[in-house]
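Undergrad: Sequence:
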Amino acid sequence: MKQLRIPAVYMRGGTSKGVFFLAQDLPSEPEARDRILMRVIGSPDRYGKHTDGMGGATSSTSKVVIISRSEREGCDVDYRFGQVAIDAPVIDWSGNCGNLSAAVGPFALSMGLVEGPADGTATVNIWQANIGKKIVNHVTMQGGEVQETGGFELDGVAFPAAEVKVEFLDPAADEEGDGAGGAMFPTGNRLDTLDVPGVGRIEATLINAGNPTIFVDAGRLGLKGTELQGDINGDKALLRRVEAVRALGAVAMGLVATTEEATQKRPHTPKLAFVAKPAPYTASDGRAVEAGSIDLLARIFSMGVLHHAMTGTGAVAIAAAAAIPGTVVSRLAPTGADGRVRFGHPSGTLSVGAEAGEEGGQWTVRKVMMSRSARRLMEGWVRVPDA
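Under the numbering used here, residues 1356 to 1742 are what the sequence shown spells out, in order.
Don't read these hints as lab results, they were simulated from the structure. Keep in mind that the hints are not guaranteed to be accurate.
Cut-off 30 Å, straight-line C-alpha distance, at most; resulting in silico cross-link-like pairs (DSSO-like, lysine-lysine) [what the hints assert, rightly or not]:
1. Lys1579 - Lys1632
2. Lys1489 - Lys1520
3. Lys1520 - Lys1722
4. Lys1620 - Lys1489
5. Lys1591 - Lys1404
6. Lys1632 - Lys1591
7. Lys1632 - Lys1722
8. Lys1722 - Lys1489
Using the sequences plus the hints, can you model the full thing?
TA: Given below as C-alpha coordinates:
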(Lines of atoms letter the chains of each structure in order from A and count residues from 1; the text may use other names and numbers.)
(Lines give C-alpha, C1' and ligand atoms only; values in the text may rest on other atoms or scores of the structure.)
Protein backbone atom coordinates (compact mmCIF):
# COMPACT_ATOMS: atom_id res chain seq x y z
CA MET A 1 0.00 0.00 0.00
CA LYS A 2 1.36 3.39 -1.00
CA GLN A 3 1.21 6.49 1.14
CA LEU A 4 -0.42 9.71 -0.02
CA ARG A 5 1.86 12.75 0.02
CA ILE A 6 -0.10 15.91 0.87
CA PRO A 7 1.31 19.45 1.20
CA ALA A 8 0.81 20.73 4.75
CA VAL A 9 2.09 23.21 7.31
CA TYR A 10 2.27 22.47 11.02
CA MET A 11 1.51 25.72 12.87
CA ARG A 12 1.10 27.07 16.35
CA GLY A 13 -1.56 29.69 16.85
CA GLY A 14 -2.00 31.11 20.35
CA THR A 15 -1.94 28.23 22.82
CA SER A 16 -2.94 25.64 20.21
CA LYS A 17 -1.33 23.98 17.22
CA GLY A 18 -2.65 22.11 14.22
CA VAL A 19 -2.04 20.91 10.68
CA PHE A 20 -2.93 23.47 7.97
CA PHE A 21 -3.94 22.52 4.42
CA LEU A 22 -4.98 24.26 1.24
CA ALA A 23 -8.47 23.11 0.24
CA GLN A 24 -7.24 22.25 -3.26
CA ASP A 25 -4.93 19.57 -1.83
CA LEU A 26 -7.73 17.60 -0.13
CA PRO A 27 -10.70 15.62 -1.47
CA SER A 28 -13.86 17.69 -1.86
CA GLU A 29 -16.05 14.80 -0.69
CA PRO A 30 -16.48 15.22 3.10
CA GLU A 31 -16.19 11.56 4.12
CA ALA A 32 -13.03 10.99 2.09
CA ARG A 33 -11.56 14.25 3.36
CA ASP A 34 -12.31 13.44 6.99
CA ARG A 35 -10.82 9.95 6.70
CA ILE A 36 -7.56 11.49 5.53
CA LEU A 37 -7.56 14.21 8.18
CA MET A 38 -8.22 11.75 11.00
CA ARG A 39 -5.35 9.59 9.78
CA VAL A 40 -3.08 12.65 9.60
CA ILE A 41 -3.76 13.39 13.26
CA GLY A 42 -3.63 9.71 14.26
CA SER A 43 -7.25 9.27 15.29
CA PRO A 44 -9.02 7.27 16.50
CA ASP A 45 -6.30 6.11 18.90
CA ARG A 46 -7.49 3.60 21.49
CA TYR A 47 -4.33 4.28 23.50
CA GLY A 48 -5.02 8.02 23.56
CA LYS A 49 -1.45 8.95 22.54
CA HIS A 50 -1.51 9.88 18.82
CA THR A 51 1.75 7.97 18.40
CA ASP A 52 1.03 7.29 14.71
CA GLY A 53 0.03 10.80 13.69
CA MET A 54 0.62 14.53 13.96
CA GLY A 55 -1.77 15.08 16.84
CA GLY A 56 -0.60 15.77 20.37
CA ALA A 57 -3.31 13.77 22.18
CA THR A 58 -4.86 16.88 23.73
CA SER A 59 -7.77 19.06 22.64
CA SER A 60 -5.29 21.90 22.00
CA THR A 61 -3.16 19.86 19.61
CA SER A 62 -5.70 17.63 17.83
CA LYS A 63 -6.76 20.13 15.20
CA VAL A 64 -6.90 20.61 11.44
CA VAL A 65 -7.40 23.74 9.35
CA ILE A 66 -8.42 24.11 5.69
CA ILE A 67 -7.78 27.40 3.86
CA SER A 68 -8.78 28.64 0.41
CA ARG A 69 -9.04 31.94 -1.43
CA SER A 70 -12.39 33.54 -0.71
CA GLU A 71 -14.99 34.57 -3.25
CA ARG A 72 -16.90 36.45 -0.54
CA GLU A 73 -16.82 40.23 -0.87
CA GLY A 74 -14.53 41.86 1.66
CA CYS A 75 -12.76 38.62 2.58
CA ASP A 76 -9.37 37.35 1.46
CA VAL A 77 -9.56 33.71 2.55
CA ASP A 78 -12.08 31.15 3.76
CA TYR A 79 -11.09 29.24 6.89
CA ARG A 80 -12.55 25.95 8.10
CA PHE A 81 -11.57 24.38 11.40
CA GLY A 82 -11.91 20.75 12.49
CA GLN A 83 -11.59 19.53 16.08
CA VAL A 84 -10.45 15.91 15.85
CA ALA A 85 -11.53 13.54 18.62
CA ILE A 86 -8.65 11.54 20.07
CA ASP A 87 -10.24 8.13 20.67
CA ALA A 88 -13.27 8.27 18.37
CA PRO A 89 -13.66 8.56 14.57
CA VAL A 90 -15.12 12.07 14.76
CA ILE A 91 -14.17 15.48 13.42
CA ASP A 92 -16.39 18.19 14.86
CA TRP A 93 -16.77 21.06 12.37
CA SER A 94 -19.37 22.89 14.47
CA GLY A 95 -17.22 25.65 15.94
CA ASN A 96 -14.10 27.73 15.56
CA CYS A 97 -10.68 27.66 17.22
CA GLY A 98 -9.95 31.18 18.36
CA ASN A 99 -6.29 30.43 18.98
CA LEU A 100 -5.63 29.00 15.52
CA SER A 101 -7.55 31.96 14.07
CA ALA A 102 -4.38 33.96 14.76
CA ALA A 103 -2.38 31.65 12.48
CA VAL A 104 -4.69 31.93 9.46
CA GLY A 105 -3.41 35.34 8.35
CA PRO A 106 0.27 34.40 8.66
CA PHE A 107 -0.41 31.14 6.78
CA ALA A 108 -2.30 32.91 3.99
CA LEU A 109 0.47 35.48 3.57
CA SER A 110 3.24 32.88 3.62
CA MET A 111 1.43 30.72 1.05
CA GLY A 112 0.87 33.66 -1.32
CA LEU A 113 -2.92 33.66 -0.98
CA VAL A 114 -2.80 37.27 0.21
CA GLU A 115 -0.33 39.98 -0.76
CA GLY A 116 1.03 42.11 2.06
CA PRO A 117 3.43 45.06 2.20
CA ALA A 118 7.16 44.40 2.18
CA ASP A 119 7.37 46.06 5.57
CA GLY A 120 4.70 47.15 8.01
CA THR A 121 1.36 45.57 8.88
CA ALA A 122 -0.68 43.31 6.61
CA THR A 123 -4.41 43.13 7.23
CA VAL A 124 -5.97 39.77 6.36
CA ASN A 125 -9.77 39.51 6.21
CA ILE A 126 -10.88 35.98 7.04
CA TRP A 127 -14.25 34.29 6.56
CA GLN A 128 -14.70 31.71 9.32
CA ALA A 129 -16.89 29.19 7.50
CA ASN A 130 -17.81 27.07 10.55
CA ILE A 131 -19.61 29.92 12.30
CA GLY A 132 -20.24 32.23 9.36
CA LYS A 133 -18.32 35.20 10.75
CA LYS A 134 -15.51 37.55 9.80
CA ILE A 135 -12.17 37.64 11.62
CA VAL A 136 -9.36 40.10 10.95
CA ASN A 137 -5.66 39.42 11.50
CA HIS A 138 -3.11 42.24 11.69
CA VAL A 139 0.26 40.67 10.86
CA THR A 140 3.71 42.27 10.98
CA MET A 141 5.75 42.00 7.76
CA GLN A 142 9.50 42.45 7.40
CA GLY A 143 11.51 42.12 4.22
CA GLY A 144 8.51 40.75 2.35
CA GLU A 145 7.97 37.92 4.82
CA VAL A 146 5.77 37.34 7.83
CA GLN A 147 7.58 38.36 11.01
CA GLU A 148 7.17 35.34 13.28
CA THR A 149 9.80 35.98 15.94
CA GLY A 150 9.53 38.80 18.45
CA GLY A 151 9.12 39.77 22.07
CA PHE A 152 5.37 39.26 22.59
CA GLU A 153 4.75 36.87 25.48
CA LEU A 154 1.56 34.86 25.80
CA ASP A 155 0.76 32.92 28.96
CA GLY A 156 0.53 29.25 28.02
CA VAL A 157 3.29 29.50 25.39
CA ALA A 158 6.88 28.93 26.52
CA PHE A 159 8.66 31.24 24.07
CA PRO A 160 8.04 34.83 22.89
CA ALA A 161 7.06 35.53 19.28
CA ALA A 162 5.66 38.29 17.09
CA GLU A 163 2.28 39.67 18.13
CA VAL A 164 -0.75 39.06 15.91
CA LYS A 165 -3.71 41.32 16.69
CA VAL A 166 -7.01 39.54 16.14
CA GLU A 167 -10.48 41.04 15.77
CA PHE A 168 -13.63 38.92 15.93
CA LEU A 169 -16.38 40.94 14.23
CA ASP A 170 -20.01 40.54 15.34
CA PRO A 171 -19.01 37.28 17.03
CA ALA A 172 -22.44 35.71 17.56
CA ALA A 173 -21.94 32.45 15.66
CA ASP A 174 -24.12 31.89 12.59
CA GLU A 175 -24.21 28.19 11.81
CA GLU A 176 -26.28 28.74 8.68
CA GLY A 177 -23.15 30.34 7.27
CA ASP A 178 -24.93 33.18 5.51
CA GLY A 179 -23.44 35.95 7.63
CA ALA A 180 -26.84 37.14 8.81
CA GLY A 181 -25.84 36.52 12.40
CA GLY A 182 -27.00 34.23 15.15
CA ALA A 183 -28.72 35.23 18.37
CA MET A 184 -26.31 36.32 21.10
CA PHE A 185 -28.56 34.60 23.66
CA PRO A 186 -30.30 31.67 21.94
CA THR A 187 -32.84 31.25 24.77
CA GLY A 188 -33.60 34.97 24.83
CA ASN A 189 -32.28 35.21 28.39
CA ARG A 190 -29.03 36.46 29.86
CA LEU A 191 -29.52 34.05 32.75
CA ASP A 192 -31.18 30.62 32.58
CA THR A 193 -31.73 27.84 35.09
CA LEU A 194 -30.85 24.32 33.94
CA ASP A 195 -32.30 21.33 35.80
CA VAL A 196 -29.45 18.88 35.28
CA PRO A 197 -29.89 15.19 36.20
CA GLY A 198 -27.38 14.25 38.88
CA VAL A 199 -26.41 17.88 39.45
CA GLY A 200 -29.61 19.76 40.23
CA ARG A 201 -30.72 23.26 39.31
CA ILE A 202 -27.88 25.47 38.14
CA GLU A 203 -27.86 29.07 36.92
CA ALA A 204 -26.11 29.56 33.61
CA THR A 205 -25.52 32.11 30.90
CA LEU A 206 -25.90 30.51 27.47
CA ILE A 207 -24.13 32.85 25.08
CA ASN A 208 -23.31 32.61 21.41
CA ALA A 209 -20.04 34.51 20.97
CA GLY A 210 -16.96 33.12 19.25
CA ASN A 211 -18.37 29.67 19.93
CA PRO A 212 -21.55 28.76 21.81
CA THR A 213 -20.49 28.87 25.46
CA ILE A 214 -22.11 28.02 28.80
CA PHE A 215 -20.98 30.02 31.84
CA VAL A 216 -21.67 28.81 35.39
CA ASP A 217 -20.47 29.86 38.82
CA ALA A 218 -17.51 27.76 39.99
CA GLY A 219 -19.08 27.14 43.39
CA ARG A 220 -22.10 25.46 41.79
CA LEU A 221 -19.76 22.74 40.52
CA GLY A 222 -18.04 22.49 43.91
CA LEU A 223 -14.99 24.34 42.56
CA LYS A 224 -13.11 27.52 43.48
CA GLY A 225 -11.99 28.82 40.10
CA THR A 226 -8.29 28.46 40.94
CA GLU A 227 -8.00 24.85 39.79
CA LEU A 228 -5.38 23.53 37.36
CA GLN A 229 -5.69 20.52 35.05
CA GLY A 230 -4.32 18.11 37.66
CA ASP A 231 -7.03 19.09 40.11
CA ILE A 232 -9.85 18.20 37.73
CA ASN A 233 -8.96 15.92 34.84
CA GLY A 234 -8.49 12.83 36.98
CA ASP A 235 -11.89 13.23 38.65
CA LYS A 236 -14.13 11.16 36.39
CA ALA A 237 -17.25 11.78 38.47
CA LEU A 238 -16.76 15.55 38.19
CA LEU A 239 -16.15 15.32 34.44
CA ARG A 240 -19.39 13.34 34.05
CA ARG A 241 -21.29 16.08 35.90
CA VAL A 242 -19.64 18.73 33.76
CA GLU A 243 -20.64 16.90 30.58
CA ALA A 244 -24.21 16.57 31.87
CA VAL A 245 -24.39 20.35 32.27
CA ARG A 246 -22.77 20.97 28.88
CA ALA A 247 -25.02 18.52 27.06
CA LEU A 248 -28.23 19.93 28.58
CA GLY A 249 -27.03 23.43 27.75
CA ALA A 250 -26.52 22.35 24.14
CA VAL A 251 -30.15 21.22 24.01
CA ALA A 252 -31.35 24.46 25.62
CA MET A 253 -29.41 26.46 23.01
CA GLY A 254 -31.09 24.55 20.19
CA LEU A 255 -27.82 23.08 18.94
CA VAL A 256 -28.89 19.45 19.30
CA ALA A 257 -32.11 17.56 19.93
CA THR A 258 -30.87 15.35 22.78
CA THR A 259 -28.11 15.26 25.37
CA GLU A 260 -26.87 12.01 23.82
CA GLU A 261 -26.39 13.76 20.49
CA ALA A 262 -24.42 16.52 22.22
CA THR A 263 -22.01 14.02 23.77
CA GLN A 264 -21.61 11.71 20.79
CA LYS A 265 -21.76 14.03 17.78
CA ARG A 266 -21.01 17.52 19.06
CA PRO A 267 -18.22 17.25 21.65
CA HIS A 268 -16.45 20.46 20.58
CA THR A 269 -19.25 22.98 21.16
CA PRO A 270 -20.81 24.39 23.18
CA LYS A 271 -17.97 24.90 25.63
CA LEU A 272 -18.59 24.91 29.38
CA ALA A 273 -16.71 27.50 31.45
CA PHE A 274 -16.81 28.30 35.16
CA VAL A 275 -15.98 31.64 36.73
CA ALA A 276 -15.33 33.07 40.19
CA LYS A 277 -14.26 36.25 41.95
CA PRO A 278 -10.52 37.00 41.91
CA ALA A 279 -8.35 35.00 44.30
CA PRO A 280 -4.60 34.34 44.40
CA TYR A 281 -3.34 31.10 42.85
CA THR A 282 -0.26 29.49 41.39
CA ALA A 283 -0.28 29.07 37.61
CA SER A 284 0.80 25.85 35.94
CA ASP A 285 4.35 27.17 35.40
CA GLY A 286 4.76 27.99 39.10
CA ARG A 287 4.23 31.75 38.86
CA ALA A 288 2.04 33.47 41.44
CA VAL A 289 -1.07 35.22 40.12
CA GLU A 290 -2.27 37.87 42.57
CA ALA A 291 -5.96 38.60 43.01
CA GLY A 292 -5.34 42.29 42.42
CA SER A 293 -3.96 41.65 38.94
CA ILE A 294 -7.21 40.23 37.55
CA ASP A 295 -10.94 40.99 37.43
CA LEU A 296 -12.11 37.39 37.21
CA LEU A 297 -11.10 33.75 37.52
CA ALA A 298 -12.07 31.65 34.49
CA ARG A 299 -11.58 28.04 33.46
CA ILE A 300 -12.98 26.21 30.43
CA PHE A 301 -13.51 22.59 29.42
CA SER A 302 -12.57 21.40 25.94
CA MET A 303 -13.37 17.95 24.53
CA GLY A 304 -14.29 16.63 27.96
CA VAL A 305 -11.34 17.88 30.02
CA LEU A 306 -10.10 21.13 31.52
CA HIS A 307 -8.16 23.28 29.04
CA HIS A 308 -4.54 24.04 29.92
CA ALA A 309 -5.05 27.79 29.42
CA MET A 310 -8.08 29.43 27.79
CA THR A 311 -9.54 28.75 24.38
CA GLY A 312 -9.46 31.77 22.09
CA THR A 313 -13.20 31.58 21.54
CA GLY A 314 -13.67 31.22 25.29
CA ALA A 315 -11.88 34.54 25.68
CA VAL A 316 -14.22 36.03 23.06
CA ALA A 317 -17.23 34.75 25.02
CA ILE A 318 -15.83 36.14 28.29
CA ALA A 319 -15.31 39.56 26.71
CA ALA A 320 -18.85 39.57 25.31
CA ALA A 321 -20.50 38.33 28.51
CA ALA A 322 -18.56 40.81 30.66
CA ALA A 323 -19.77 43.67 28.47
CA ILE A 324 -23.46 42.79 28.85
CA PRO A 325 -25.25 43.36 32.19
CA GLY A 326 -27.04 40.47 33.86
CA THR A 327 -24.81 37.56 32.81
CA VAL A 328 -22.99 35.15 35.10
CA VAL A 329 -19.76 36.83 34.03
CA SER A 330 -20.73 40.51 34.25
CA ARG A 331 -22.23 40.22 37.72
CA LEU A 332 -18.76 39.15 38.88
CA ALA A 333 -16.63 41.30 36.57
CA PRO A 334 -18.33 43.93 34.41
CA THR A 335 -16.13 45.36 31.68
CA GLY A 336 -13.93 48.20 32.93
CA ALA A 337 -13.82 51.78 31.71
CA ASP A 338 -11.20 50.79 29.13
CA GLY A 339 -13.59 48.25 27.63
CA ARG A 340 -11.43 45.33 28.75
CA VAL A 341 -11.61 42.52 31.29
CA ARG A 342 -8.56 40.77 32.75
CA PHE A 343 -8.99 37.17 33.79
CA GLY A 344 -6.85 34.46 35.30
CA HIS A 345 -6.66 31.01 33.67
CA PRO A 346 -4.56 27.92 34.49
CA SER A 347 -1.47 29.16 32.60
CA GLY A 348 -1.61 32.81 33.68
CA THR A 349 -3.66 35.84 32.67
CA LEU A 350 -5.22 37.40 29.59
CA SER A 351 -6.81 40.75 28.78
CA VAL A 352 -9.60 40.97 26.20
CA GLY A 353 -11.74 43.85 25.01
CA ALA A 354 -15.20 44.17 23.53
CA GLU A 355 -17.25 46.86 21.81
CA ALA A 356 -20.87 46.33 22.86
CA GLY A 357 -24.08 48.34 22.82
CA GLU A 358 -27.81 48.14 23.42
CA GLU A 359 -30.34 48.92 20.71
CA GLY A 360 -34.06 48.52 21.18
CA GLY A 361 -33.54 46.53 24.35
CA GLN A 362 -31.22 44.07 22.60
CA TRP A 363 -27.52 43.87 23.40
CA THR A 364 -25.06 43.22 20.60
CA VAL A 365 -21.29 42.88 20.54
CA ARG A 366 -19.75 44.54 17.51
CA LYS A 367 -16.18 43.42 18.01
CA VAL A 368 -13.90 41.49 20.37
CA MET A 369 -10.17 42.18 20.29
CA MET A 370 -7.20 40.25 21.62
CA SER A 371 -3.54 39.64 20.91
CA ARG A 372 -2.04 36.24 20.15
CA SER A 373 1.04 34.98 18.34
CA ALA A 374 1.60 32.37 15.64
CA ARG A 375 4.53 30.52 14.11
CA ARG A 376 5.21 27.94 11.42
CA LEU A 377 6.73 24.89 13.09
CA MET A 378 7.20 22.71 10.02
CA GLU A 379 6.26 22.80 6.36
CA GLY A 380 6.41 20.24 3.59
CA TRP A 381 4.29 17.13 3.08
CA VAL A 382 2.41 14.87 5.43
CA ARG A 383 2.26 11.16 4.59
CA VAL A 384 -0.96 9.20 4.95
CA PRO A 385 -1.59 5.51 4.13
CA ASP A 386 -3.80 5.30 1.05
CA ALA A 387 -6.96 3.57 2.23
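Undergrad: Assess, step by step, whether the Cα of Lys1579 is no farther than 30 Å from the Cα of Lys1632, and give holds or violated.
TA: 9 Å, holds
Undergrad: Given the hinted pair Lys1591 and Lys1404, is their Cα-Cα distance within 30 Å?
TA: 19 Å, holds
Undergrad: Sort out whether Lys1520 lies within 30 Å of Lys1489, counting only the CA atoms.
TA: Since the Cα atoms of Lys1489 and Lys1520 sit roughly 14 Å apart, the hinted pair holds (cutoff 30 Å).
Undergrad: Is the Cα-Cα distance between Lys1520 and Lys1722 30 Å or less?
TA: 13 Å, holds
Undergrad: For the pair supplied as a hint, Lys1722 and Lys1489, is the alpha-carbon distance within the 30 Å limit?
TA: 10 Å, holds
Undergrad: If you draw a straight line from the CA of Lys1632 to the CA of Lys1591, is it 30 Å or shorter?
TA: Given that 30 Å is the threshold and the Cα spacing comes to 26 Å, the pair holds.
Undergrad: Does the alpha-carbon distance linking Lys1632 and Lys1722 stay inside the 30 Å limit?
TA: OK: Lys1632 and Lys1722 at ~25 Å, within 30 Å.
Undergrad: Can the restraint linking Lys1620 and Lys1489 be considered satisfied, given a maximum Cα separation of 30 Å?
TA: Distance of about 26 Å is within 30 Å: holds.
Checked against the numbered hints given earlier, the structure satisfies every one of them.
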